[in-house]
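With chain A fixed as given, assemble chain B onto it according to the hints.
These protein sequence lines are chains A and B, in that order.
The numbers in the numbering used here rise by one with no breaks, and the one at position 268 of the first sequence is 268.
Numbering-wise, the numbering used here comes out as the position in the second sequence, counting from 1, plus 1000.
A few of these clues could be false.
Claimed, not checked - Distance condition first, Cα-Cα at most 30 Å in a straight line; then the derived DSS-like pairs of lysine-lysine: (1) Lys1130/B to Lys220/A; (2) Lys211/A to Lys1056/B; (3) Lys220/A to Lys1123/B; (4) Lys1014/B to Lys220/A; (5) Lys1242/B to Lys220/A; (6) Lys1014/B to Lys1056/B; (7) Lys78/A to Lys4/A; (8) Lys1056/B to Lys220/A; (9) Lys211/A to Lys1014/B; (10) Lys220/A to Lys1181/B; (11) Lys1123/B to Lys318/A; (12) Lys211/A to Lys315/A.
Said to hold, decoys possible - Computed far set for chain A versus chain B, every beta-carbon distance over 10 Å: (13) Thr143; (14) Phe149; (15) Asp173.
What the hints assert, rightly or not - Partner residues are not named here, just some residues of chain B that face chain A (Cβ under 10 Å, in silico): (16) Ile1087; (17) Phe1088; (18) Phe1143.
These are computed hints drawn from the structure, not numbers from a lab.
In this text, all values refer to a predicted model and were calculated from it rather than measured experimentally.
Glycine included, C-beta positions come from ideal geometry on N, C-alpha and C.
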Amino acid sequence: MIGKWIGKRMVMGLIVLFIVSFLSFFIMQVAPGDPAIAFYGGNAQTLTAAEIERITRAYALDRPVAEQYVAWLGETVKGNLGISYKEGRPVFEIIMERLPNTVLLFSVTMFCIVIGSLWLGTVAGMRANSIWDRGLSTISIATSSIPPFWLGILFIYVFAVSLGILPSSGSGDVGGNGGMVDKIRHLIMPASVMIVTHVGIYARFLQESIKRENGQYYVKVARANGVLERSIRNGIVRNASIPYLNYIAMTIPSFFGGSIIVESLFAWSGIGQLTVKAVVTKDFPLLMGSIMVTGVLVVITLFIVDLIMYAIDPKLRKGGIR
Amino acid sequence: MIEVRDLSIHIQGKHITHHMDFTIPRGNITSLIGESGSGKSLTVSALLGMLPDDAKVSGSIMYEDRNVLDASDQEMENVRKQDIFTIFQDASNSFNPSVKMGRQLYAFSGERVGDSLQVFNEKMHVILDKLGLGWEVVEQYPFQLSGGMLQRCMIACAFYVEPALLIADEPTSALDMVLQKEFIQLLIRLNEEKGTTIFLITHDLDIVAEAAHEMIVMQQGRIVETGKVETIFSHPQHAYTKRLLESRF
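Okay, chain A solo, but in the shape it has when bound (with noise of 0.2 Å):
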């Protein structure tokens, strides 16, 4: 039962990647400019009509965009992203570089907001018309409507220029020999952003979730005959649970999208910012790596999402009705 839900699953992430690798190749094609340029980077003016000729026939870039994408397709496969135009080394070998990064940020930011909103939805949620679920409602769409960037640039003002105590940007010391803590002082700023714009929002679906549940049938149920507290409060979280991870799954994309501006931002070395500098050059195989290995990182989140709802939900292991 359970090989072949993951079975499933797997089939389906693999649909979304061929469908986000399409996608991304067309859209890519349409964007002015001409990529053999690109290539040549700053002397592009310097550049003769034939050595532009040659470059484009050197990477088949005359060739019809249905056959550039399916050798591209074809070597991404075999695991070959190709050669990055702007840095001359395999595109793999940069992403690889940049991938721990984006993944501690991502980590950190996310355990730290389904922590925060669990606690804060939880407390809010289960003691409607209190200050807690009141406050929580405001303060919600005040921190959600917040921009990160403009939030980045106030803490870029607040901890760096005028106290001093955070760096602004970079994801480590230039030397290079800072070490975790020095790791950690990169991240904080970063990750706070993130957290700060993100954390009300969800505790506000769980918070809404826990009260929708809470006034349920086998709740009135349970409080007429003296079930413990604990029991019905445990049982109402969980099932409120179930809507509030299918919300985190539906904006985990949004959310990858979000970190892209914060990475820039903070000149955070991940792959946020690997993609943006790969637009900006026209860095095709790069760009098409950075968003395929976004690609991959969106899938497995949700999988471990699916994951846990099918841990917490028994009518999808049980294939009954919801």
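Leaving out everything else, chain B in the frame of chain A:
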């Protein structure tokens, strides 16, 4: 056991019940009968101290020399836990759909009376057998059981808890005729074997005739007649009661 005096309930300015007076004698099965929307379920909520926040209530509900309407939430929680068991109408929604029945049966019975899981397993095994439910129900989720089985699970908990008062709010309305009859027999058994006082809310006169000793007839939020079942059936006084009895097949 319970004396209700001059009980009126208003919700958002609307009168739900008007100056109700009735008694639930200890050891008997007392039935409250009335049409849908006559205020029966809200009367049950008032007895349990679980009226909605926007409800305004006057009068008194005396339970063991205490006025339920003056009791704090904590006091009422204790009374419900110690003395009362309530079976509601919609059995299929009475249990948490994500928790196995074994865990929930324990929460409704063993945990409530302070028994260990081991004691619960032994006692509940016997009760489930008696009620024609196999022990395997404890490994199942509520959505895997029928409405009738879930209602029997509820009554199994009542047998376990042996409450001083069992309130059954239209417990058979979602069951077919055969299951209805079985369920009523179980209520009678609980009353006869354990001496449990039962307050049975229904709109079905056949059930009243079969199970109850006393009956209270309610119409549009008012009590129109109370008394022994045989007396009311043989000499109904109020026009509504007469109409009810005439409409019986």
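Each hint tested on the structure:
no.: 1; hint: Lys1130/B to Lys220/A; result: 28 Å, holds
no.: 2; hint: Lys211/A to Lys1056/B; result: 23 Å, holds
no.: 3; hint: Lys220/A to Lys1123/B; result: 26 Å, holds
no.: 4; hint: Lys1014/B to Lys220/A; result: 23 Å, holds
no.: 5; hint: Lys1242/B to Lys220/A; result: 35 Å, violated
no.: 6; hint: Lys1014/B to Lys1056/B; result: 10 Å, holds
no.: 7; hint: Lys78/A to Lys4/A; result: 26 Å, holds
no.: 8; hint: Lys1056/B to Lys220/A; result: 20 Å, holds
no.: 9; hint: Lys211/A to Lys1014/B; result: 26 Å, holds
no.: 10; hint: Lys220/A to Lys1181/B; result: 26 Å, holds
no.: 11; hint: Lys1123/B to Lys318/A; result: 29 Å, holds
no.: 12; hint: Lys211/A to Lys315/A; result: 22 Å, holds
no.: 13; hint: Thr143; result: 30 Å, holds
no.: 14; hint: Phe149; result: 40 Å, holds
no.: 15; hint: Asp173; result: 49 Å, holds
no.: 16; hint: Ile1087; result: 9 Å, holds
no.: 17; hint: Phe1088; result: 5 Å, holds
no.: 18; hint: Phe1143; result: 5 Å, holds
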